[in-house]
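Protein chains in written order, with this note's numbering: chain A, 69 to 396; chain B, 18 to 530; chain C, -5 to 337; chain D, -5 to 337.
FYI, nobody ran anything at the bench for these hints, they're computed from the structure.
Careful: at least some of the hints might be erroneous.
[Unchecked claim] In silico SDA-like links for lysine to any residue, alpha-carbon gap of 25 Å or less:
#1 Lys156(D) with Leu264(C)
#2 Lys366(B) with Glu114(B)
#3 Lys288(A) with Leu46(D)
[Said to hold, decoys possible] Derived list of chain A stretches under chain C, where covered just means 3 residues or more per stretch with a C-beta under 8 Å from a C-beta of chain C:
#4 148 to 158
#5 235 to 241
Here a beta-carbon is modelled for each residue, glycine too, at the ideal position from N, C-alpha and C.
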Amino acid sequence: AGALVTGCTSNNVAAPAVTAASVAQPSGKPGKPITIGFSSPAADHGWLAAITADAQARAKLYPEVTFKMVQAGADATAQRAALETLIQEKPDIIVVQPFDGAQLTATGRDAMNAGIPVVNLDREFTDQLAYRLLIQGDNYGLGAAAGHYIGTRLKSAGKSSPIIAEIAGIDSLPLTQARSKGYKDALATHGFSVSHRVAAQFTVDSGQQAAANLLQAAPKLDAIWNHDDDQGVGVLAAISQAHRSEFFMVGGAGSSKAMQLIQADNSVLKATVTYSPTMAGSAVSLARLIANNRGMSDLMDLTVPKQIVLSSETVTKENVAQYLPMGF
Amino acid sequence: MTEPRGPSADAAPLLTLRGVVKTFPGVRALDGVELTVRPGEVHCLLGQNGAGKSTLIKILSGVHRPEGGEILWQGQPVSFAGPQAAIRAGIGTIYQELDLVADMTVAENILLGHEPRTGGFVRRGETRARAREVLERLGHGEIPADRPVGRLPAAAQQIVSMARALSREAKLLIMDEPSAVLAHDEVANLFRVIRELKAAGIAVIYISHRLEEIREICDRVTVLKDGRTTAADLPADTPTGRLVDRMTGRSVEHVFPPRPDVVPEGELLRVEGLTRHGEFTDVSFTVGTGEIVGIAGLVGSGRSELLETVYGARRPDAGQVLVDGRRLRPGSIAAAVKAGLGLAPEERKSQALLLGEPVQRNIGLATLDRRSAAGFVRAGAEREAAAAVADRLELRPRDVRRRAGTLSGGNQQKVVVGRWLLGSTRLLLLDEPTRGVDVGARAELYQVIRDLAAEGVGVLLVSSEVPEVLGLADRVLVMREGRIVQQRSARDINEHTVLDLVMAGSLLEGADQ
Amino acid sequence: MLAGRGGSVTELASATTAPAAKTTWWRDDASEPVRRNLGLTGVLVVLVVIGLSTAPNTFLTGGNISNILTQASAIGVITIGMTFVIIGGGIDLSVGSLTALAAVWCTTLSTQSFGAGGMVFTAVVVGTVAGAVNGVLIAYGRMVPFIATLAMMVGAQGLAEKISNKQTQVVNVGSINRLAANDILGIPVLVLIFAVVTAACWVLLNRTTFGRRTVAVGGNAEAARLAGINVRRQTVLLYALSGLCCGIAAIMVVAQSNAGSSGQGVLYELDAIAAAIIGGTSLTGGRGTVIGSLLGVLVFTTITNLFILNNLPTEVQNIVKGAIIVGAVLVQQFQPRELFRRR
Amino acid sequence: MLAGRGGSVTELASATTAPAAKTTWWRDDASEPVRRNLGLTGVLVVLVVIGLSTAPNTFLTGGNISNILTQASAIGVITIGMTFVIIGGGIDLSVGSLTALAAVWCTTLSTQSFGAGGMVFTAVVVGTVAGAVNGVLIAYGRMVPFIATLAMMVGAQGLAEKISNKQTQVVNVGSINRLAANDILGIPVLVLIFAVVTAACWVLLNRTTFGRRTVAVGGNAEAARLAGINVRRQTVLLYALSGLCCGIAAIMVVAQSNAGSSGQGVLYELDAIAAAIIGGTSLTGGRGTVIGSLLGVLVFTTITNLFILNNLPTEVQNIVKGAIIVGAVLVQQFQPRELFRRR
Ligand SMILES: Nc1ncnc2c1ncn2[C@@H]1O[C@H](COP(=O)(O)OP(=O)(O)OP(=O)(O)O)[C@@H](O)[C@H]1O
Ligand SMILES: Nc1ncnc2c1ncn2[C@@H]1O[C@H](COP(=O)(O)OP(=O)(O)OP(=O)(O)O)[C@@H](O)[C@H]1O
Ligand SMILES: [Mg+2]
Ligand SMILES: [Mg+2]
């Protein structure tokens, strides 16, 4: 498997485009020329980079679409500035992945009030008047899926009081809170609980540091769930540096590197739970339909639904081949 | 002996100190000081560098708190919690080290802490007016009240500092070496003000190392030595020898070492047509090996700038500097030092010392490379060299491991000069080298300078004390408004001539040039 | 030494009319802050020209201008408070966290139940008290400002997370939300608040004893103490003022986002310090202007706006921003005379 | 003894013996850094005691100690470089970004193809050159260090993102990865590197002319200049040294995480400055010790370790951390005598 693990967590930034092409067929006939505005939080993080890359790649598939991407800073204030500026430019529709849904709800409403439909991607606005379409991953479900996988596996291994750890992402983000809650709730259904919880910063080295300390705190472990595969690179490094292997680990988000490791089955990483950045591509496609006042071809409805929640799938050795192309 | 001047001896004392003690880590700065000051008298404090004068006045002004002894203010025992308390009690202080805020204007500095105000708003017109009034009173109405103080030269800053102390209603005014940065005409001005204060019944504690000033202005003298009072209430005309003896425990014989008769041969430094616009113009002169050249002039005549330009710290607009006939790269200190030049600058705190570092490192700073091997400092060699310098200059305390910032003003000055006594300096540029240095040490320093000259070192000396220039130098240059108006052998010129030349509108100018 | 000949010296000196009058005591560059502000204004003009040429249709519209000013408001108020602290010789790393703390505290459900007045009061009190704690640690605990406010930064962040339970708290008080939506005579309310704070602080710095003492304490704390100024009290007041500004800014941020969150205010400390310094405030204390800081904030906000209008990806934004900062400072420092003269 | 009132001339037996200036060297101010370091060691001991009582089974194990030391290594190396810059009167906000830039640059596929040597060389050169650019901007461009390194921080971050395309670059060079996994005589290689850097920098600061010049330039730049020291060159060298340390740290971070990413090094500048200052380095320059900075880093790393061993939630971690910083500084400053004395 070593040969597969080259260069980047994603060897092919363009990969999502291939998937996009196959998915994009149903409603694919060109419409009137439209401008799609796009904004996502700027962060030097693999998953977020994949979000923009996927959206951009999808927009390229539609010749009539002008794609206007604005990025700004790494907090809600900066993004608000970006969006207010974008609204000044009056695009036909805006796709926005807010830094924090609640803090940008007012801005979403501003856009809607200005007659620009908003596609709310991933992180939910607190007011339904602030978006036309909500398409989101399921953070609670992500944690729950990881919890179920770990619970089931430990149960079947006959553990009665296993030591279970959690390495969270940036702890002050609502999405991290939702993930942790799902994890906790799911474990509880198996009668288990989290005995060690640390938070990292979604970065490789913060993952390494959190994990290195965690491994000291828990001389023996049965399972770890790490929220994010990007910081997981560091977590795995710390595990191998500590020469530990008595437990198994579950990842989150579904990077191609993580999936390759699962496929190779020679590390502690046994599964990851998807939270696919391809939702950005879907959002762009759906935005195009909304701007053209069209519906989704497989649905009876004349227009695109108000809300779409993607489910988080658990990727294991058994089904990894199927998910590999979606990895970022 | 004449009658002690001033108010009668049996007037109730304004201030009495008994057995005051103050220690700093490792030093007993005050060890039982006794002092009595009466209303309306000018009381002088004498003592060598490090005797404890500044520490004493800092206790009086609430900066330090004594560890023992008693302070009676108008007959009542007092203990000042801070400067504010002392100010409120009626004690105003002019500190030895400048205490101004560089970025505030002259007027703001003068009225700092007691601005005229209406409900928190400063009455700016009145601030300016009152500042001008005090400055006028000091004879310096020309100092602009709206200028940031940091842009004034040291002497003007000193006047602002005095103006601040005067701007408060004080019963006692303490002046810690106010004349150190003043030229003689300014000193005369200061004395006029002190007499006015005295006439108004205000007492003054006056500190200076210039004995002749004491003779001129003081009513009584108290002498400190090593933190103790060795003589109290001496009359102002006590013979110099006696005063010096009380201060040092010995007598100082010849202040200026004798000048050798041999004319120095060989030229070391040649300055040709050196000009910096607005500072000095077309300056040319030479310094020979073993020759001491003194520059006299008013404060602000551009002497410091000239020295710094020769040294490469400033880049000239025109002209050149030659050492041994070779042109020095303009504006390069490195080149100057390499050619054997060394500068002891005017402002010891801002221009010369690392106050947080030990004395030995301060002394060794400029000659670091000479006591290092492959980039490693030979610390032992440095300490020995520094200790030798400390001995030669009678540093007090002698311990070269002390932080420079804990030394008294005069001793700090010795460290600045001492830096260039190490190694192979061939031309020493001294800017006010004896500022704040006591009589005894001063004589030592003069001897050291003369000895260096005898070893062939050239010396270029700037001093605001004309007798110092005349007494020490072989040749004297007189500067006025950035130009050299006179160059003459020190034997052929007297103080009167120099002063005439220095002042604007001199009649002699046309005749001599 | 004048010994012996003293008499003649004195006669001579007093006979001559004060000779010092002939010397020029000063060199005329008292207008340095003004020149500096002119430099910054120049930088701003250059940015406007860039904006006009790269985004001619959008940059100089009323909407975009009031957008820029609104974006500048909250960070601007914080920068003004920071300016006082830095002029006073300190630094305040906690402004971002204090903004978050005040924002979170004033948007809890129970605070919201008191209505807009209660929220404003809470934000202002929380900010001011926390700022005063900074001041006490520094003035009486003799802590280095950097460390004391760093501890506050970390601690207040934790407290904000604790209070909000890391959830974003949505604001339902209409009048607060309207603060950001409304304008008076075409000027957004937030911009007006910013203008009022700026004007008040200009007066405070330049016309009151408080301002003069700030400069004195920062310029030369020892001199200030010797002049009878209560340096410690002034220090406490300065940090409390900075905290107060954070409280005001928190309200503005809350109004803009209709929400309070512990994630608000992240890295504001860096932005505020940078804006103040580029505006000519000296990190060593004693020097700085309110106008300079205002210009500094506007420069940074305009740069960000230009980036967005021109659709630059963040990595390019960062590279260009670094270059612009360097360029702006070098331009601002440019003095033809100095090219030829050292020192 | 001296009761002489009235005008009578009172003279004491001339005091020829000099009782005053008896110096006791151990009370001398020169030992202040030592006292300070003792204080920090005390803080460390308190932390160890807390660790022993709250996590008796895990805290003092060999594994955990070498874990703490390993965690301290990269940030420690950066802090040592930062210490030099601060002693030299400056500040370096760019260390985090430079670490990221060096990490990203040395882990591109093409650099990796040169093997471990090529990677180390690249990291070190990138760090040093970028640091030197900081130095040139400050020394020759006369920019304020805060602003110059802020510009570098922003710019280098952008460059790192550009180079890595914001992707995490996995390292396949085995010898680099083994750096973090291996140990020599039970001591992790990274810790050894940290120890060597610390020792070398201690010698550099305390025994060489470079160190002396650093102190001189930071203590009083004008005095240093007039003493013939090339202040500008020294400044450039100091920032280059800090950059070099970032390059070394980048290799360590890359080895630890088996990857290079533009997200590495985030907020290292704050950690490094805080550790240096708590270790007694003065932000105004001219004062600081390598040992103090080392202790400062260990204190912070141990605090983090304690939090995780005790499973504290992040918000509580933050609150407690703020309190610990305040406590540590106050303890460190505690001098019984001073309680009764004002200044
Ligand atoms: N802050 C301090 N810390 C330690 N020692 C100090 C401090 N201030 C003064 N000293 C020491 O106290 C002694 C008295 O110093 P002081 O400044 O009072 O002398 P002085 O009589 O004013 O000398 P000078 O004529 O040189 O100004 C000296 O030995 C000095 O080194
Ligand atoms: N800090 C300053 N800012 C502006 N001008 C200054 C400054 N210092 C000195 N000058 C100007 O430079 C000229 C020379 O001043 P300076 O006092 O240094 O001369 P000097 O002959 O060395 O006098 P001193 O007796 O004080 O050494 C004067 O015209 C003065 O106004
Ligand atoms: Mg003194
Ligand atoms: Mg001078």
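Evaluation of the provided hints:
Of the supplied pair hints, the one linking lysine 156(D) and leucine 264(C) holds, its CA atoms being roughly 23 Å apart against a limit of 25 Å. A threshold of 25 Å between alpha carbons decides the hint, and for lysine 366(B) with glutamate 114(B) the separation of about 9 Å falls inside it, so the pair holds. Taking the CA atoms of lysine 288(A) and leucine 46(D), the gap is near 19 Å; set against the 25 Å cutoff, the hint holds. Check on the region 148 to 158 of chain A: 8 of its residues sit with their Cβ under 8 Å from a Cβ of chain C, so the three-residue criterion for coverage holds.
Note: the region 235 to 241 of chain A has 3 residues with beta-carbon separation from chain C under 8 Å; the three-residue rule is met and the coverage holds.
Checked against the numbered hints given earlier, the structure satisfies every one of them.
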